[in-house]
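**Q** Now for the letters of each chain:
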Amino acid sequence: MTVSALALRANATFIGSTVGRKVVMAVTGAILIGFVFVHMIGNMQLYLGPEALNHYAVFLRTFLHGAGIWIFRAVMLTAVVLHVWAATTLTLDSWAARPQGYRLWEPKESTYASRTLRWGGVLLALFIVYHLLHFTVGSAHPDFREGDVYHNVVAGFQVWYASAIYIAAMIALGLHLDHGLWSLFQTLGLQHPRYKRYIRLFAHGFALLIVLGNISFPIAVLTGVVK
Amino acid sequence: MNLTLHVWRQQNARTPGRFVTYEAHDISPDMSFLEMLDVVNERLIEGGEDPIAFDHDCREGICGTCGVVVNGRPHGPRERTTACQLHMRSFADGDSITIEPWRAKAFPVLKDLIVDRGALDRIIAAGGFISAPIGSAPDANAIPVRKVLAELSMDAAACIGCGACVAACPNASAMLFTAAKVSHLGLLPQGQPERFDRVRAMVAQMDAEAFGSCTNHEECEAACPKGITVETIGRMNADYVMASLTVGRRAARLGDSGGG
Ligand code: HEM
Ligand code: FES
Chain A
-1 MTVSALALRA
9 NATFIGSTVG
19 RKVVMAVTGA
29 ILIGFVFVHM
39 IGNMQLYLGP
49 EALNHYAVFL
59 RTFLHGAGIW
69 IFRAVMLTAV
79 VLHVWAATTL
89 TLDSWAARPQ
99 GYRLWEPKES
109 TYASRTLRWG
119 GVLLALFIVY
129 HLLHFTVGSA
139 HPDFREGDVY
149 HNVVAGFQVW
159 YASAIYIAAM
169 IALGLHLDHG
179 LWSLFQTLGL
189 QHPRYKRYIR
199 LFAHGFALLI
209 VLGNISFPIA
219 VLTGVVK
Chain B
5 MNLTLHVWRQ
15 QNARTPGRFV
25 TYEAHDISPD
35 MSFLEMLDVV
45 NERLIEGGED
55 PIAFDHDCRE
65 GICGTCGVVV
75 NGRPHGPRER
85 TTACQLHMRS
95 FADGDSITIE
105 PWRAKAFPVL
115 KDLIVDRGAL
125 DRIIAAGGFI
135 SAPIGSAPDA
145 NAIPVRKVLA
155 ELSMDAAACI
165 GCGACVAACP
175 NASAMLFTAA
185 KVSHLGLLPQ
195 GQPERFDRVR
205 AMVAQMDAEA
215 FGSCTNHEEC
225 EAACPKGITV
235 ETIGRMNADY
245 VMASLTVGRR
255 AARLGDSGGG
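Those protein sequences? They're chains A and B, same order as listed. Note that our numbering has the first sequence beginning at -1, numbered continuously upward. Note that our numbering has the second sequence beginning at 5, numbered continuously upward.
Take these hints with a grain of salt, some might be off.
Simulated restraints, written as ranges between beta carbons of each label pair [unchecked claim]: (1) B:Thr8 with A:Pro105: 20 to 28 Å; (2) A:Asn9 with B:Gly139: 36 to 44 Å; (3) A:Glu104 with B:Ser32: 24 to 32 Å; (4) A:Leu102 with B:Pro20: 15 to 23 Å; (5) B:Ser100 with A:Tyr196: 40 to 48 Å; (6) B:Ala144 with A:Gly32: 32 to 40 Å; (7) B:Gly231 with A:Pro97: 56 to 64 Å; (8) A:Asn9 with B:Ile49: 20 to 28 Å; (9) A:Leu206 with B:Met246: 58 to 66 Å; (10) B:Val43 with A:Gly99: 39 to 47 Å.
Simulated from the structure, these hints should not be mistaken for laboratory data. Every residue gets a Cβ at the ideal spot worked out from N, C-alpha and C, and that includes glycine.
Just chain A, same shape as in the assembly (with noise of 0.2 Å):
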């Protein structure tokens, strides 16, 4: 005996399940976690002097002829637009979804990180606005130098407001990974009871590693460790 297909509402997608969509976040979590890891990893470069620094921040502009950054910018941009659209669609459904809330409610599972990661990831794209015109188009920094990466670093975090921004960004960020990278293996599937625990521990231990290696740059300018 065969089967046929049960029957499919016509207006249902992938992109417009919720399920599709949770996994358009989770694939663009997963490319921006990254991004964010390899990020952080080359501006350790840092403790290396300006040469060291100024030197990979040249290799960024030019490697594949100057393609490169441009590839990888697509890339970024993309991943971006499609995490965004996902988390805010997904939210508006999900606020939608419980017009009238409990009068008592005592939550059990969830964790503060599980329950900050939307307003946790508008300050995100807050953060990633102001980041960029800080080092990238250098109009949100006080004395921007083209090319030379180490001064403006040390020169944009000797302001300490911008200091205080990028600590507080890194912690949210932080809150982001500590839900989000754990939540991106269970949203794919990639799940069972044995390793759920190391993926947690791995959640914990990569969020903590981000937050401490990227607020270290700020500290170690403010602290006077680099000038």
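Use these hints to put chain B with the ligands onto chain A, whose structure you have.
**A** Okay, now just chain B with the ligands, sitting in the frame of chain A:
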């Protein structure tokens, strides 16, 4: 024991509701939560008032008909316990108890604490079945089933469809329910022929019912009286991705002689 109840009262789906406070005196700690409501209702009826409407049927934790949010927890404070199996000894003398219906757009309140959970039935109708030839019953054990898959399938099949997962979810998502139903058939050999069509059809129906979407808070798992885990959701997602990637695949080209 004596308790103060704050109960959601609502005449019907069209009128707005409100909380009403009742004093419940001389409640035995051995009563179930629903028996406590029965006693309160008896007194309301004697006083000429409209009794509090709440859903219930088996009262032994297997039918999934009961379900209210008690002090911010679906089915009340005890783990893996339906409201009908919750006893008043879980509360202390003098407690205030707030009782609310499941809250979700897909679950309109019909009266007081009763909501319409037809949306869950429609998700089942969209694909929560297998097609089998009628006729004499097949031999038991004619189809070998791997032991661990039979167990996992039974774990998912323990879902009684009460809707506590939706009520508990900060997003009012029905993914745990849908995933349990997708899982318990998809894990068995009998469920294979329709496995990938089923997951697409059931997710589409779930979305059409205007439930929210999962953000992996795991509140559903904590609230489920049958201990269904979020592993089922991961399994459903993976099946959904596989189904979407392979949909429309043809075994033979049009014009080949294969019959229908
Ligand atoms: C450095 C940048 C970012 C990284 C690395 C990142 C990573 C992730 C990951 C891995 C997830 C989990 C996906 C899943 O549930 O499977 C996630 C979820 C989410 N992200 Fe981001 N994200 C970033 C930026 C943003 C931005 C700019 C927003 C802006 C609105 C945002 C909003 C969200 C929301 C709302 C969710 C959860 C939504 C849901 O599950 O319904 N994220 N993110
Ligand atoms: S009344 Fe049947 S499960 Fe509670």
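**Q** Decide, hint by hint, whether the structure agrees.
**A** Hint by hint, here is what the structure shows:
1. B:Thr8 with A:Pro105: 20 to 28 Å: holds, 24 Å
2. A:Asn9 with B:Gly139: 36 to 44 Å: holds, 38 Å
3. A:Glu104 with B:Ser32: 24 to 32 Å: The hinted range 24 to 32 Å holds for glutamate 104 (chain A) and serine 32 (chain B), with Cβ atoms some 26 Å apart.
4. A:Leu102 with B:Pro20: 15 to 23 Å: holds, 19 Å
5. B:Ser100 with A:Tyr196: 40 to 48 Å: Taking Cβ atoms as reference, serine 100 (chain B) and tyrosine 196 (chain A) lie about 42 Å apart, which means the hint holds.
6. B:Ala144 with A:Gly32: 32 to 40 Å: violated, 51 Å
7. B:Gly231 with A:Pro97: 56 to 64 Å: violated, 30 Å
8. A:Asn9 with B:Ile49: 20 to 28 Å: Roughly 48 Å apart at Cβ, these two residues miss the hinted range, so it is violated.
9. A:Leu206 with B:Met246: 58 to 66 Å: Distance hint for leucine 206 (chain A), methionine 246 (chain B) is violated at roughly 34 Å.
10. B:Val43 with A:Gly99: 39 to 47 Å: About 29 Å separates the Cβ atoms of valine 43 (chain B) and glycine 99 (chain A), which means 39 to 47 Å is violated.
Hint violations for this structure: numbers 6, 7, 8, 9 and 10, all remaining hints satisfied.
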